[in-house]
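Quick mapping for you: the protein sequence lines, in order, are chains A and B.
All the letters of the first sequence, read from the start, carry residue numbers 1 to 314 under my numbering.
All the letters of the second sequence, read from the start, carry residue numbers 1 to 532 under my numbering.
These aren't lab readings, by the way, just hints derived from the structure by calculation.
What you are looking at is a predicted structure, and each value in this text was computed from that prediction instead of being measured.
Using N, Cα and C, we set each Cβ at its ideal position, and we do this for glycine too.
There may be inaccurate statements among the hints.
[As the list claims (entries may be wrong)] The list that follows gives simulated cross-link-like pairs (lysine-lysine, PhoX-like), each with its CA atoms no further than 20 angstroms apart:
1) Lys39/A x Lys420/B
2) Lys25/B x Lys398/B
3) Lys98/B x Lys184/B
4) Lys398/B x Lys301/B
5) Lys39/A x Lys350/B
6) Lys350/B x Lys398/B
[What the hints assert, rightly or not] Residues on chain B that point at chain A, a partial pick, calculated with CB under 8 angstroms:
7) Pro37
8) Ala116
9) Phe123
10) Lys249
11) Pro374
12) Lys412
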Amino acid sequence: MISWIIRRLFAGLVTVWFIATATFFAMHLVPGNPLDNEKAVAPEIRANLEKRYGLDKPLLAQYGIFLGNMARGDFGISFAQENREVNDILREHFPVSAVLGITALLFASIGGILGGALTAHFRGRVADRLVMVAVIAAISVPGFVVAALAQLAIVNMNSWHGSQLLPVAGWGSPSHIWVPALVLGLGTLAYLTRLMRSSMLEVMSADHIVTARAKGLSAMQVFRRHELRNALLPVVTELGPTVAAITTGGFVVELVFAIPGMGRYFVQAVQQLDYTVIMGTTVFYGAFLVLVVVVVDIIYGFIDPRIRLYGADQ
Amino acid sequence: MQTALLFLFLVMSAAVSAQAIDVAKQRITLTLDAEPPSLNTFTSSDAISSEILVHVMEGLVQYGPDGKIMPAVAARWSSDNQGARFWLRKDARWSDGKPVTAHDFVFAWQQVVAPATASQYAFIFNPVKNAAAITRGELPVSALGVRAVNDYELEVLFERPCPYFVSLTAWVSYYPARRDIVAKWGRAYAADHDKAVYNGPFTLARWVHGAEILMRRNPQYWNNAATRLNEIHYAYVTKDELAKFNLFKNENTAYTTLSLGSLDSAMQAGYRVEQFQTAALFFLEFNHRPAHVTANLALRKAIQAVYDPDMVVYKMMGRPGTLPGRSLFPMTVRGHKGRFRDEYPARRLKPDLATAQRWLAQAKQELGVDQLPPLTLLASDSPLSIEQAEYLQFLLNKTLGISVQIDVQTFKQFIAKRGKGEFEISVAGWGPDYDDAMTFADLFASWNANNRGRYNNPAYDALIEQAGNSADPAVRFAAFAAMQQLIQDDVVILPIYEEVDLYLRHPALKGLYRPVFGGDLNLRFAWLEHSE
Chain A
1 MISWIIRRLF AGLVTVWFIA TATFFAMHLV PGNPLDNEKA VAPEIRANLE KRYGLDKPLL
61 AQYGIFLGNM ARGDFGISFA QENREVNDIL REHFPVSAVL GITALLFASI GGILGGALTA
121 HFRGRVADRL VMVAVIAAIS VPGFVVAALA QLAIVNMNSW HGSQLLPVAG WGSPSHIWVP
181 ALVLGLGTLA YLTRLMRSSM LEVMSADHIV TARAKGLSAM QVFRRHELRN ALLPVVTELG
241 PTVAAITTGG FVVELVFAIP GMGRYFVQAV QQLDYTVIMG TTVFYGAFLV LVVVVVDIIY
301 GFIDPRIRLY GADQ
Chain B
1 MQTALLFLFL VMSAAVSAQA IDVAKQRITL TLDAEPPSLN TFTSSDAISS EILVHVMEGL
61 VQYGPDGKIM PAVAARWSSD NQGARFWLRK DARWSDGKPV TAHDFVFAWQ QVVAPATASQ
121 YAFIFNPVKN AAAITRGELP VSALGVRAVN DYELEVLFER PCPYFVSLTA WVSYYPARRD
181 IVAKWGRAYA ADHDKAVYNG PFTLARWVHG AEILMRRNPQ YWNNAATRLN EIHYAYVTKD
241 ELAKFNLFKN ENTAYTTLSL GSLDSAMQAG YRVEQFQTAA LFFLEFNHRP AHVTANLALR
301 KAIQAVYDPD MVVYKMMGRP GTLPGRSLFP MTVRGHKGRF RDEYPARRLK PDLATAQRWL
361 AQAKQELGVD QLPPLTLLAS DSPLSIEQAE YLQFLLNKTL GISVQIDVQT FKQFIAKRGK
421 GEFEISVAGW GPDYDDAMTF ADLFASWNAN NRGRYNNPAY DALIEQAGNS ADPAVRFAAF
481 AAMQQLIQDD VVILPIYEEV DLYLRHPALK GLYRPVFGGD LNLRFAWLEH SE
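With the rest of the complex left out, here is chain A:
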């Protein structure tokens, strides 16, 4: 087991290196430059700026310096936000995104698993049809629409009630979290509901369920011990990348609800071609994703005894 994990982590490291390298060169291929601004500067100042940020060196030399610094965990200083270290940006804004993301994920996974399991059980009934329509709507309507509508709903609710029931935007207290988390998790919730429903339907028609019923187990016992556990596997697979995606921030939700999370930096860095921040956030995200996938593989073994991790029984 341990050796398996070490091997997986090493493979992960190679993956991260590959992500970093591909991003580095792709980023430099994009026309434009972090130093290009609305107002062009005199060539001398331009040269001074390039020297200051090391952009005057050949691309391969820049790549070498970047790799060396990355190995030490130093991503340098942001171009767009002067004097701010990329590490500080990650340290200050990732926790915010993580809190928001974990709450969103709780909504999404609890809602999705229960919703999917129940709609499968009540397949074809009105409730099932209604939920499925809602699910398709939630998957199709883009996040920025949902976010804007949710915010408008809060404003109208507050003004109707005449007091501040929920904050419109901002960050800092538990009451700031619920609505953005729900909005952020909504798409995943809907997706998981569908996934869980179809997985559940498949399990429900399997032979061992018929056997379980035949040997006289109650419907609840069949549901908990046999159906839910088996149907969960594809959902857990899906959950891995979702964890990484959701906890590193939703750009739209953070913008609309004025939340100081990492998603904003992710998107803004690309828009501003802020080289150092692009690299910092991408490598961080890549490493996080790889780690989560490894963790999910381990969890797999616990949920499904049929799956044995390679080399685990040695």
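Assemble the complex: chain A is given as a structure, and chain B must be docked to it using the hints.
Just chain B, lined up with the frame of chain A:
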């Protein structure tokens, strides 16, 4: 993990549900469009940073509520063709109690022009003797034409006559700085609220990156008695226009700007919409490089003859207060006594299809083609910019049968393509850097890096020299008027519109003003008072 928890705790304890105004405490809450990119005045060059800096710092002079220059650290000054002299008030102090002296200005100015600083705004010091040469690395910073005669007297020597120099010193780049504080923090100087000292009416009391900024009254400020607000709290950082409007509607913020979308909602909700001329001009820029068909004057004349800015502004944009573009110089540009455009009106062009077709025929003949190749119209990905591009595409196709391909690019790529000249026509804009017509005029000087269409006309350059080397208003404005005419006759650009900013203000917020220069949204003299 510990730092993460600590940060969460800090954020949680810091933010409470914000209230737009608190009249008893004279405290207001606002939104900020983005994290300020740099509060270091040596390198700061953007509007968001200067919105903060104008409250916590102060230069020699400042723009008052009436848009005129008024004393700040300098109590009085004098200026002639050779230079300027400022007499500093003796009661101006930094937030740590030390006096603000002439040496603080000399030090700060030398930093801005130093090659190592690589300030994008170093050019704003060009009127000061040797500034440009220092930035090019040809002279040491000590050669800069500024000298502290004593602690409270500052002498400036000019490179060439500069009648608007005094107003320049209201700008962020001309703010003073303390050598000991800069040395103490090094690269981290001004990167956090406690890593700088302030000499303005407010100080930075809290700065949670990306989340909030709190400014508090500075008791050390020489004119503290005139400051009426106690706290300015930027509690939200977002540029989402709808979110900003919702916060305003929910009485969480006292002020918000309006975009196309939120303007309708605001009008429907019955709010009083106020407007502000930003002095920025938007225009279509032609590519004058010889390899492009737009280098042909007859073709540009043909396009000019069908283009109608009135149509764009009144029929298409629908933003109250926006003015159709008629000249390189917006209405806000100062003239001899009043406004430049009142003294030297721009000729108004009427669309005329017959003339346009004559010009087009001539253009085709000169270019030796029967059918013009499709023109590339470069635009950035802002909705307004795309709308402008689509209108021109429709217009040229319908009236002149010219086909236009719109090339929409994200901002950085847009800038890069403009710089390289990969366009025939580009949707462009320019906001003034200082309070003089020259900030628009020299845009089309052959040597200006911002002249991205590479217009190159010795006659135009000569007019720039004429205006730049004279301090005589009669000579200068005559030259600017000639440039205005030349830009139109040569169809260097087609002005589209002069930008207006629409905003909402809490009725109890008084004394707010929005100067064109030196930090927009100025609350230095603002106060809160219920209207009843």
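Status of the hints after comparison with the structure:
| no. | hint | in the structure |
| --- | --- | --- |
| 1 | Lys39/A x Lys420/B | holds (14 angstroms) |
| 2 | Lys25/B x Lys398/B | violated (61 angstroms) |
| 3 | Lys98/B x Lys184/B | holds (16 angstroms) |
| 4 | Lys398/B x Lys301/B | holds (17 angstroms) |
| 5 | Lys39/A x Lys350/B | violated (32 angstroms) |
| 6 | Lys350/B x Lys398/B | holds (18 angstroms) |
| 7 | Pro37 | holds (5 angstroms) |
| 8 | Ala116 | holds (7 angstroms) |
| 9 | Phe123 | holds (6 angstroms) |
| 10 | Lys249 | holds (5 angstroms) |
| 11 | Pro374 | violated (21 angstroms) |
| 12 | Lys412 | holds (4 angstroms) |
The structure is inconsistent with the numbered hints 2, 5 and 11, although it conforms to all the rest.
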